[in-house]
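Enquirer: Here the protein sequences line up with chains W and G, keeping their order. Reminder that position 435 of the first sequence reads as 435 in this note's numbering, one-by-one numbering, no gaps. Position in the second sequence counted from 1, then plus 1000, gives you this note's numbering.
Treat the hints loosely; a few may be bogus.
Pair ranges (Cβ atoms, derived) [as the list claims (entries may be wrong)]:
#1 G:D1081 <-> W:D331: 19 to 29 Å
#2 G:N1027 <-> W:G186: 41 to 51 Å
#3 W:L405 <-> G:T1037: 51 to 61 Å
#4 W:G150 <-> G:K1085: 22 to 32 Å
Keep in mind the hints are simulated off the structure, nothing from the lab. Beta carbons are placed, not taken as given, at the ideal position from N, Cα and C, and that holds for glycine.
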Amino acid sequence: MKIVCSLFLIITCFSFSQNKQLLFGFTEIPQSSLVNPAIKLHNEWFVGVPLLSHIHAQAGSSGANVYDVFSDDNQSFTNKLRSAVYSMSENDFFSLNQQVELFAGGFSYGDSFVKTDYISFGLYQETDAIFYFPRDYAILAFEGNQTNIGRSFDLGHLNVKGEVISVLHVGYAKQINKMFSVGIRGKIYSSVLNFNSINNRGSFITSNGQNNFLRHDFNLDLEFQTSGLASLTNDDNSDVNNDFKTIGKRILFGGNLGLGFDIGLSYKLTDQWQLDASLLDVGFIRHSKDIENYKLEGEYTFEGINPIFPEAGEEQTAEEYWDEISDQFEDLFNVDSTNTTKYTTLRPVKLNAALSYSFGQKMDKECNCLSEESEYQNALGMQLFAIKRPKGPQIALTAAYYRRLIKGLRVKTSWTADSYSLTNLGIGAVANIGNVNLYFLADNLLKYGNLAKAQSVSLQLGLNYTVKRNEN
Amino acid sequence: MLKCLLKYWLFFGASCLLIISCVSDVNFEQAETLELTPIMESSLIFFERPAYSFLDEDGVETQTSQDTVRVELFSDDFFEDHLIKAEFLFEGINTIKRAYEAKIDFIDDEDVLHHTFTLNIPESVDNSEVLNEETVIFEGSTLDALLMSTQMVLTLTLFNSNDGTVIDENTPGNLRFRSKGTFYLNIEPF
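Construct the entire structure; sequences and hints are all you get.
Expert: This is the structure:
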C-alpha cells in the first residue's frame, strides 16, 4: 500500500518536465551555461557551493492534476478518479525531472586582453522519468470487458521510462568575434538505475465467437528492461545503507556508462537583436551491468473449453486436453525474466532557441547622456523548447522579459504555453551580493496559492561564489 | 542602502513564495476508498456433437456421456477475494429428434459436490433448431459453493424417444452447447 501510494504520489505530484525557460539566456547565472554552452558568462571565474549551486525540480501532468483527483470535497474518490481516467488520452503523460549539482566551477581565459574563452565543468545528478497514461489498461480495470465486446484494448498504452544518472561534464565556450560565440560540452553519463518499457505492442479483444458466445484474442508483445534495479531489490540484506553505498559508487562512475554532448551558439544579429540556440544531451547510455529484463510474448485465441466426452471414443483424453489449454495459457502469461540482454538508451535530446531584443539604455546621471559602455536595461524574447519523448517531441513556447533592476539584481519573467498549461507565468531573480551569486527561479506563479491545482510546478535555485571580470 | 534593502526584500519575497505556496484541500488518504468494479466476461464450455457421436464403438446408442473440466480459476485467491457475484449462461441448441439433459456438477478435488444445475434441451421434431437457455446466478451461499469448486462435471443424458426410435449412423442433426460466465468483481487495491 505504502509503496503504491508513494509511487502514485511521485507520479502525480512530483511529475517534472525539463524546460528551463527562465534559466535559458540568464547569463548572470553561471548554470545558464548548462542550457547553452555558448553563452558568455559574466564572471572571471566561479565555484558553485557544493550541493547548493543548482537545485532543480519541475513537476507537471498534461492531464488531470492532483486537485482533480485528491480534492478533499467528500465526493467519491472512485468517481473522481474515473472522471480523470476518462478525461485523459493515452498521449497524456506525467513526467519527472530533478537535478542537483554536486560541484561546479568555471573560469575564463584567453590570449588577448579581453578573455574570449571560458571553460566550465561540474558533476550533477539527474532523475528523469516519463509515464504515459495507460488509458486502455485503466478502462479495463474500471469497466472490464463485458461492456466492451468488440473493442480492442491496446496494450501498447503501457509506455514508461525513467533513469537516475550522474553527469560529469566539461564545456568550452569561445567568443569568435563580437557578434558570435559557440560552445560545446562533453558529458560522461553514469547510470545509477534505469527502467524502460517503450516499445510495447499487443491487444486484448473480446468479440462474439463462432463456436461459443465469446472469443478472446490475446496478442502480447510487452517488454520491460531494467538496469541497476536487480541488485538493489534482490539483495538479501534489508539494510538501506548498503543500497545507498551502491548508489554512491554508481554516481562516481561505477554504473553503466554513456557519452553525450551539448552544443550551442549565440549570435548578435544587430546591436539589439540576438539569437541563442542549443541542442542538449545528444547521447546514449550503454546498459551492460546488472540487467534484468521482463518479456511477455505470445498469441492465443480462446473460445472456451471443449469437453471431449471420452465415451465418444476420441483419442485425446480429457485430462490431456485440459493440460494443453492450461499450458497454452501459462506460456502466454509466463513472464520471461531470465533475459539479461544488454541494451542502449538514448538520452532525451532537448532543443532551446531564443530570439531576443534588448532596449532601454541607462542614462549616465553625471553627463545626462548614454555612456559608451552602457548596457541595455531590458530585453524581450521569444523562446522555443522541444524535448524528444517516446511518443514524439513535446514543445513549449515562452515569451520572456528581462530587466536589470538595480546594480547586482536582475529579474526575468516568463509566460509559457506547453503541454501542461497555456498560462504558465514564471519569475526569476539573480542577485550578486559581493562575490555571492544567488538565484531563484519559479514557475507557474498563478498556482502557488494551491499547488495541487497546478498542472506543473518548477523550481530552481542555487548559490555560487563568483569573481567579476575586469574587462573595462 | 535602499538598493541593498530592495535586494533583500526581493529575495525575502521569493522565499515567502516558497513558504506560502501550499497544497491545500487535498486528502491523499481517500485513495484507500478506491473501489474498482469491473465486470469480466469469459467463455466457458462449448461443444457441438452430431447425432452419430452418441453411438458407442459397437454402434449402440449411449444414453449418458460425461466429461470433467478443471476450473481452478474459481478457487483462485483473486476470485476468492474480489468476486462478489457470478452469472453463468448456458445454452443448448438441438436439431436432433431427441431430448437431452445437460447436468453440470460443481465439485472440489475430493469430489464433494457443491452445486448442481440442469439444463433441459427439448427434442427437435422436424430437425429445426430448438433452443433453451438458462442463467445460473451465484451469490451469497451459492457463490461460496462456486468458489470451493475446482471442477465442472458435465453429464449429458439422452432421453428415450416417444416413438421408440434410436440413433443410428444416419440420424440427422446435432447438439450444440454454449456457455459463458459473467464475473462481477470488486477490487479495493489499497
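Enquirer: Evaluate each hint against the coordinates.
Expert: The hints, checked one at a time:
In this structure the supplied range 19 to 29 Å holds for D1081 of chain G paired with D331 of chain W, their Cβ-Cβ distance being about 26 Å. Take N1027 of chain G and G186 of chain W: their Cβ atoms lie about 48 Å apart, and the range 41 to 51 Å holds. At about 58 Å, the beta-carbon gap between L405 of chain W and T1037 of chain G stays in the expected band of 51 to 61 Å. Remark: the range hint 22 to 32 Å for G150 of chain W to K1085 of chain G is upheld by a beta-carbon distance near 24 Å.
Every hint, counting from the list given before, is met by this structure.
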